[in-house]
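Q: Please work from the sequences and hints to get the whole structure.
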Amino acid sequence: DTEVTQTPKHLVMGMTNKKSLKCEQHMGHRAMYWYKQKAKKPPELMFVYSYEKLSINESVPSRFSPECPNSSLLNLHLHALQPEDSALYLCASSLGQGSEKLFFGSGTQLSVL
Amino acid sequence: SQQGEEDPQALSIQEGENATMNCSYKTSINNLQWYRQNSGRGLVHLILIRSNEREKHSGRLRVTLDTSKKSSSLLITASRAADTASYFCAPGESNYQLIWGAGTKLIIKP
Numbered sequence: 001d002t003e004v005t006q007t008p009k010h011l012v013m014g015m016t017n018k019k020s021l022k023c024e025q026h027m028g029h030r031a032m033y034w035y036k037q038k039a040k041k042p043p044e045l046m047f048v049y050s051y052e053k054l055s056i057n058e059s060v061p062s063r064f065s066p067e068c069p070n071s072s073l074l075n076l077h078l079h080a081l082q083p084e085d086s087a088l089y090l091c092a093s094s095l096g097q098g099s100e101k102l103f104f105g106s107g108t109q110l111s112v113l
Numbered sequence: 114s115q116q117g118e119e120d121p122q123a124l125s126i127q128e129g130e131n132a133t134m135n136c137s138y139k140t141s142i143n144n145l146q147w148y149r150q151n152s153g154r155g156l157v158h159l160i161l162i163r164s165n166e167r168e169k170h171s172g173r174l175r176v177t178l179d180t181s182k183k184s185s186s187l188l189i190t191a192s193r194a195a196d197t198a199s200y201f202c203a204p205g206e207s208n209y210q211l212i213w214g215a216g217t218k219l220i221i222k223p
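Taken in order, these protein sequences are the chains called F and L.
Letter by letter, the first sequence follows residues 1 to 113 in my numbering.
Letter by letter, the second sequence follows residues 114 to 223 in my numbering.
These aren't lab readings, by the way, just hints derived from the structure by calculation.
Please read all numbers here as calculations on a predicted model, not as lab measurements.
Please note that a few of the clues may not be correct.
Straight-line C-alpha distance at most 25 angstroms; calculated DMTMM-like pairs for lysine to aspartate or glutamate [said to hold, decoys possible]:
hint, chain 1, residue 1, chain 2, residue 2
1, L, 218, L, 130
2, F, 38, L, 118
3, F, 40, L, 206
4, F, 19, F, 67
5, F, 101, F, 24
6, F, 38, F, 85
7, F, 38, F, 24
8, F, 101, F, 3
9, F, 53, F, 84
10, L, 169, F, 100
11, F, 40, L, 128
12, L, 218, F, 100
13, F, 22, F, 44
14, F, 38, L, 206
15, L, 218, F, 84
16, F, 36, F, 58
17, F, 36, L, 166
18, L, 169, L, 196
19, F, 18, F, 67
20, L, 218, F, 85
21, L, 218, L, 168
22, L, 182, L, 166
23, F, 41, L, 118
24, F, 9, L, 196
25, L, 139, F, 24
26, L, 182, L, 168
27, F, 101, L, 128
28, F, 41, L, 120
29, F, 101, L, 168
30, L, 183, F, 44
31, L, 182, F, 100
32, L, 218, L, 120
33, F, 101, L, 196
34, L, 139, L, 206
35, F, 36, L, 206
36, L, 139, F, 58
37, F, 101, L, 118
From the structure, some residues in chain F lie toward chain L, with a derived Cβ separation under 8 angstroms [to be verified]:
hint, residue
38, 43
39, 86
40, 105
Where a beta carbon is used, it is the ideal one built from N, C-alpha and C, also for glycine.
A: Given below as structure tokens:
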């Protein structure tokens, strides 16, 4: 299994909602990542978990809250988002942390109304 | 911060022609990777070239790396309609972070 599975594929939420994005991989990878990507832009790194510990937090607003329940799962909890947070949210994993080959999920297209 | 810069920003060619995309970066790297992204989808890893390598091939892909010029190129030979996508370079810094280029949008006309 060489897949990273993200759910949901699409999400529309209001600014007062709380929602969660989910990501799962069964490749035995020990690093997992959240990226945000706006249209026609490169992905921007948000968070990195390495061995289930948060190792990089790229100064992301607190309305985004990551969680890594175990080595296969990564969640991104969303609360009180703004319309400018609308974007494609991508999860990725790699064997270890570092500049290694990343395996990406197909993303969650998020719209904040 | 954005490390890689890609050129051209957009490229439109006929099916069967070769496509070349270039990437420049600013600091020391451990490796350089190329990814493809179809519209609105996740990125797919194409190829990784290490800093001590000069050229690498994978099927119809050929990647070169010139660390003295801090540049890389991706050549896709005999292009197909299915190659239509955005292509991103991602230099891997020596502190093991990937920093993404702005991407080249490639359109293959049938």
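Q: It remains to establish, for every hint, whether it holds in the given structure.
A: Against the structure, the hints:
{"no.": "1", "hint": "L:218 <-> L:130", "result": "holds, 16 angstroms"}
{"no.": "2", "hint": "F:38 <-> L:118", "result": "holds, 17 angstroms"}
{"no.": "3", "hint": "F:40 <-> L:206", "result": "holds, 23 angstroms"}
{"no.": "4", "hint": "F:19 <-> F:67", "result": "holds, 13 angstroms"}
{"no.": "5", "hint": "F:101 <-> F:24", "result": "holds, 17 angstroms"}
{"no.": "6", "hint": "F:38 <-> F:85", "result": "holds, 9 angstroms"}
{"no.": "7", "hint": "F:38 <-> F:24", "result": "holds, 22 angstroms"}
{"no.": "8", "hint": "F:101 <-> F:3", "result": "holds, 13 angstroms"}
{"no.": "9", "hint": "F:53 <-> F:84", "result": "violated, 28 angstroms"}
{"no.": "10", "hint": "L:169 <-> F:100", "result": "holds, 16 angstroms"}
{"no.": "11", "hint": "F:40 <-> L:128", "result": "holds, 23 angstroms"}
{"no.": "12", "hint": "L:218 <-> F:100", "result": "holds, 24 angstroms"}
{"no.": "13", "hint": "F:22 <-> F:44", "result": "holds, 18 angstroms"}
{"no.": "14", "hint": "F:38 <-> L:206", "result": "holds, 23 angstroms"}
{"no.": "15", "hint": "L:218 <-> F:84", "result": "holds, 24 angstroms"}
{"no.": "16", "hint": "F:36 <-> F:58", "result": "holds, 11 angstroms"}
{"no.": "17", "hint": "F:36 <-> L:166", "result": "violated, 31 angstroms"}
{"no.": "18", "hint": "L:169 <-> L:196", "result": "holds, 19 angstroms"}
{"no.": "19", "hint": "F:18 <-> F:67", "result": "holds, 15 angstroms"}
{"no.": "20", "hint": "L:218 <-> F:85", "result": "holds, 24 angstroms"}
{"no.": "21", "hint": "L:218 <-> L:168", "result": "holds, 23 angstroms"}
{"no.": "22", "hint": "L:182 <-> L:166", "result": "holds, 14 angstroms"}
{"no.": "23", "hint": "F:41 <-> L:118", "result": "holds, 12 angstroms"}
{"no.": "24", "hint": "F:9 <-> L:196", "result": "holds, 23 angstroms"}
{"no.": "25", "hint": "L:139 <-> F:24", "result": "violated, 34 angstroms"}
{"no.": "26", "hint": "L:182 <-> L:168", "result": "holds, 14 angstroms"}
{"no.": "27", "hint": "F:101 <-> L:128", "result": "violated, 29 angstroms"}
{"no.": "28", "hint": "F:41 <-> L:120", "result": "holds, 14 angstroms"}
{"no.": "29", "hint": "F:101 <-> L:168", "result": "holds, 18 angstroms"}
{"no.": "30", "hint": "L:183 <-> F:44", "result": "holds, 22 angstroms"}
{"no.": "31", "hint": "L:182 <-> F:100", "result": "holds, 22 angstroms"}
{"no.": "32", "hint": "L:218 <-> L:120", "result": "holds, 10 angstroms"}
{"no.": "33", "hint": "F:101 <-> L:196", "result": "holds, 20 angstroms"}
{"no.": "34", "hint": "L:139 <-> L:206", "result": "holds, 10 angstroms"}
{"no.": "35", "hint": "F:36 <-> L:206", "result": "holds, 20 angstroms"}
{"no.": "36", "hint": "L:139 <-> F:58", "result": "holds, 20 angstroms"}
{"no.": "37", "hint": "F:101 <-> L:118", "result": "holds, 20 angstroms"}
{"no.": "38", "hint": "43", "result": "holds, 6 angstroms"}
{"no.": "39", "hint": "86", "result": "violated, 13 angstroms"}
{"no.": "40", "hint": "105", "result": "holds, 5 angstroms"}
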